[in-house]
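Student: Sequence:
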Amino acid sequence: YTRIGADRNGRVSIDWGVYGLPETFVIDAEGRIAYKHIGPFDRRSLEEDILPVVRRLQEGAGS
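Numbering (the working numbering) for the sequence shown: 1 to 63.
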């Protein structure tokens with residue numbers, strides 16, 4: 001990952017409509033939410049849900 005952010009004052013959470021914790025977001029190169037995962041994630045959800053989105057975005061960035 002090139003960047004990982006933290007919302008220390010809660011403003012981004014409000015702007016993005018966060019309503020449950022934890023929530024994980026994958027943000028595309030244009031700053032848009034490409035994927036939102038509500039709740040904790042385990043190895044399965046990381047491998048089956050989150051990483052495919054990251055890979056798709058990486059492939060799109062290379063074209």
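Don't read these hints as lab results, they were simulated from the structure.
Fair warning: there could be bad hints in the mix.
Claimed, not checked - Heads up, simulated EDC-like pairs for lysine to aspartate or glutamate below, C-alpha to C-alpha not over 20 Å straight-line:
1. 36 / 48
2. 36 / 49
3. 36 / 7
4. 36 / 47
5. 36 / 15
6. 36 / 23
To be verified - So the derived label-pair ranges between C-beta atoms look like this:
7. 8 / 36: 27 to 33 Å
8. 20 / 59: 25 to 31 Å
9. 20 / 60: 27 to 33 Å
Since the model is a prediction, treat every value here as computed from it, not as a measurement.
By construction, the Cβ of each residue, glycine as well, lies at the ideal position given by its N, Cα and C atoms.
Student: Would you pick out the hints that fail for this structure and give their numbers low to high?
Tutor: 7
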